[in-house]
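Colleague: Go by the hints and put chain G onto chain F.
Number of protein chains: 2
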Amino acid sequence: MGSPMRRVSQEDTWSGQVHPDIASERHVQSFDVERLTNILDRGAQNTARRRKVESIIHSDPEFSCKDNYFMTHNERYEAAVKKAFHTQMLTQSLGWSEEELVYVYRALSGDTVLGVHTGFLKALRSLGSEEQIAKWEPLCKTCRIIATYAQTELGHGTYLQGLETEATYDATTQEFVIHSPTITATKWWPGNLGRSATHALVLAQLTCSGARRGMHAFIVPIRSLQDHTPLPGITVGDIGPKMNFDELDNGFPRLDHVRVPRENMLNRFAQVLSDGTYIKRGTEQSNYLFMVVTRVEILLGEILPPLQKACVIAMRYSVIRRQSRLRPSDPEAKILDYQTQQHKLFPQLAMSYAFHFLAISILEFFQRSYNAILDRDFSLLPELHALSSGTKAMMADFCIQGAETCRRACGGHGYSKLSGLPSLVTRVSAASSYEGENTVLYLQVARFLVKSYLQAHMSPGSTSQRFLPSSVAYLTAPDLSRCPAQRAADFLCPELYTTAWAHVATRLIKDSVYHLQTRTQSGQDQHEAWNQTTVTHLQAAKAHCYYTSVKSFSEALQKLENEPAIQQVLKRLCHLHALHGILVNSGDFLHDGFLSGVQVDMARTAYLDLLLLIRGTLPMRNI
Amino acid sequence: MGSPMRRVSQEDTWSGQVHPDIASERHVQSFDVERLTNILDRGAQNTARRRKVESIIHSDPEFSCKDNYFMTHNERYEAAVKKAFHTQMLTQSLGWSEEELVYVYRALSGDTVLGVHTGFLKALRSLGSEEQIAKWEPLCKTCRIIATYAQTELGHGTYLQGLETEATYDATTQEFVIHSPTITATKWWPGNLGRSATHALVLAQLTCSGARRGMHAFIVPIRSLQDHTPLPGITVGDIGPKMNFDELDNGFPRLDHVRVPRENMLNRFAQVLSDGTYIKRGTEQSNYLFMVVTRVEILLGEILPPLQKACVIAMRYSVIRRQSRLRPSDPEAKILDYQTQQHKLFPQLAMSYAFHFLAISILEFFQRSYNAILDRDFSLLPELHALSSGTKAMMADFCIQGAETCRRACGGHGYSKLSGLPSLVTRVSAASSYEGENTVLYLQVARFLVKSYLQAHMSPGSTSQRFLPSSVAYLTAPDLSRCPAQRAADFLCPELYTTAWAHVATRLIKDSVYHLQTRTQSGQDQHEAWNQTTVTHLQAAKAHCYYTSVKSFSEALQKLENEPAIQQVLKRLCHLHALHGILVNSGDFLHDGFLSGVQVDMARTAYLDLLLLIRGTLPMRNI
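Chains as they are written, first to last, in our numbering: chain F, 1 to 623; chain G, 624 to 1246.
Bear in mind the hints are in silico, worked out from the structure with no lab data behind them. One or more of the hints may lead you astray.
[Unchecked claim] Some, not all, of what chain F presents toward chain G, calculated at C-beta under 10 Å: (1) 242; (2) 418; (3) 511; (4) 528; (5) 531; (6) 585; (7) 600.
[Stated by the list, open to error] Heads up, incomplete: computed chain F residues facing chain G, CB under 8 Å, no partners named: (8) 239; (9) 433; (10) 437; (11) 527.
[As the list claims (entries may be wrong)] Where chain F lies over chain G, by a calculated footprint (3+ residues, C-beta under 8 Å): (12) 771 to 783; (13) 863 to 877; (14) 944 to 950; (15) 1034 to 1042; (16) 1049 to 1055; (17) 1147 to 1156; (18) 1200 to 1213.
For every residue, glycine included, the Cβ atom is placed at its ideal position computed from N, Cα and C.
In isolation and in its complexed conformation, chain F is listed as follows:
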């Protein structure tokens, strides 16, 4: 059957040498790269901690991923389990903190199976009582149990009210009976569950004292702690191969009247007393808290890194790959010197920075509000939900598209797994569906925007208007009807383009509210009216999210007044991010004459000039 396989990597004599075309790029620099690194790490101390962790991971042969692309599905799983337990050992021996574990996970590029185990811990902390946390956290941290989070079902995802799994309280034995009544009720996707997990946090519809009480979380033992066989009533297995995540055993459990003790329901926000009395301490939303936590964490932990890495790979490739000639007498040119290549890559680079600063700002907002929510003050939850949902959806969309753009910018080599790019693309592609399907999330943002718009405009000057959440405060700002730009250079101004984005977002939100109201006022059922205007709402939500990213980037730059050189290079990326968005969506800006055709051309000129500026002066050392 043909020759035996001969691997190209068997004769690798190039690795470890710096290509002269990269070395010469790194030689040029207009700012202190180390300072920028510290800024991105949020402090020089963090840079040092990160590097220490990375040097341990990268020098430890147990963590080698050299053969990953040549392994079978099963070998990937086994290698990842070994890495997970090796990590566990190191964590104990080196005393890594949770902050350091974030660096560990990032350095492992997610090539480990215990991500969801950690997810379980976080869900426990969000939804469990102090007593429950005290009981389960140590078991989890020492890996005496391996846990997962089981929410999605074969037939039910985003619409949590539709989940079929039942948890019926039996007061006679003080147990919950957890049951999958149909095949579509089979839990589907839980990471670690295919082969590894011993326990699952199962989301199920609670019935107690005959009344349905909605979704609650239950700790359900899945496999024997003695011999790892499935426990009675449990059918469990692997859901099969996926687009990526070969190392992760996503699984399916079917539960046939499985009994768990009353204490296994997480009860920070709701409790069932021994006699079946139901006590509620939170709102409807409190069960969603864990999803908000996760959505915030994945921004910097899962969604952004693939885009950042793809940018690095594609940018480096583009200065060593030479192709064709710019002039007949020249040698072949570096492909990064072609305008079209810059047009592909620099917006992705700019977006990486924009999303970094956006994610940081959301993380900070989250950290300010999380403890209040745990203490059952839910006032900030709607805004936190809208911000995290919209940012997750936008970042997932653009990071998938951006990583793929970087991949394609490397031509055929971008199709080889050895470039690293296909895996980045197929991995981040999952982000459009997990932790809330993107379209559904955008529409939740749209509901928040419609509500905020009505609050802002239906009762001008009233108290409710003054309390508009800060992320939508622009809805009440005085609006320009025409952009004042008179030449290309005028577009290189954060105030000008932030205002332009605010204008467009406001107009689109107003437009979607108008369409919604027109339909309901002409007698259409409100649900039908909503459905028939969702394409419009989607457009408005996307514009709002983009506005948010432009605004947070320019705000982050304002804080860098003491770093003029860094501020200058980042400013160019901020300009590029804003203008690229304007050019891609120019119809939205031209629609009501806010921009004229001539002004769009000016914006394009400014954009094309920025490509040259960034190519000319942005040193390679920082990428």
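Modeller: Below, chain G alone, put in the same frame as chain F:
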């Protein structure tokens, strides 16, 4: 190491049953589905031939792909080799024609290794003399040799002049010495070469009698026909894992002064006599002919099918998946009833049809001009090159994006390989790079457009204007400055939107010519001026290609006057295709006031109404 892997497919009890939600959709129909099938197959006779071939393939256990997703890379290769030889046997025993082999290949979904072997045959027929064809074709057809096509090098792709592989004629032995002078000259990617091929058609820079003569094609034996070991001077192996195409052993050969006889240079368009005299019979372009042939064939053979299949899968899924409620009192709704889902999928469905008719029209144009080119009449080659390049780039772009949109429209299940969608996406993703990188192809179209525009406008009324190729004849058509549409329904008119697309394409081409000329007139070097305007050229080329797809779709519909029911449903898809493009690119239509904001809103209303119409009346049976 965890439980043993338990596969979800082990307990499959559902396959083979039709879900009632699909059955009910199929029950509705407004036209004769069989007739539409015949139209797509270009004749009822072809439908019958295709089905006969498919029934043989699908019922033959040797062609089973049931375990594909669970195989290792090596198992995939071995299975594909077996399938290729089984196909070969059947071809001989059943006497399959080349037309039938197209159906075979399509039914195998490319899951075979001999595609490139067939590619070699086609290159031979395009570039070889009758004598050479007579010698090599039978060897190839009976698999006494296994051949491949070796053009791309590790360091050189699209820019053929940059290829480094050398072919130096040695008159003393009447041999060519084929040599890879550097590591970047290593041929890279040839399919079948990693392990299977015995011969390669190597593209190399010819030197004879001391003069460089440019790129020519040489048949080079690679492996022994006795024991399959690499022949002297040849280092050959597999380039490693890719984003897909596990079954295909893409390879790398390095050639160290490998000698082949003089007759091994393909000599339809150029010949080296025994004394080293070089005789040229073609133009510079004739060497590119094979690439044109391939580009035309992959449209229907490789690029479109993944989108078509993704549409079928996503559409079927969207009528059995129920999620959330349209009204609180309703049962959960089929997700295809959500406007946002229709907005994701129906433009892809419309595009599948648009691209089908476009590819057919290009195939027909190709068939009309190919024989003339073989007879060295190159007058139609520039237009054929521009049409095939632009269509390949556009179809690859949109089919990748469309298949991915379909994948994401299936939520988490679209991430499971078992949905079929990830493989469709990762496979078609290669199409942006192979057979000409998309950006490079678009820019070649742009050069053709610039040339045509200058020809049309620099000497009005002259002969050259009258001979403008038909695909760009619109450049001289009288232009409307404003769209006449006064209400949404006015947009449901092929003439109106075809004219709108022609207007925008013309304006963008004019704009890119203007920018180019402004730069050269102000003294900029013409190559630098070209590079600094390529983003603009790209935009113009894309608008031109989209116009072509709208025009060919509406022309195909005109021919269906005798099939009013089919014409009606396809007309809706044609409207949708044109309007979706207008809305996505609304900035281009608003820029010079051709459309007003109010008219864009009308187009959106027409578009949203079409979604409902298509959902309401397009029967499922045909998808």
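Colleague: Which of the stated hints cannot be reconciled with the structure, identified by number in ascending sequence?
Modeller: none
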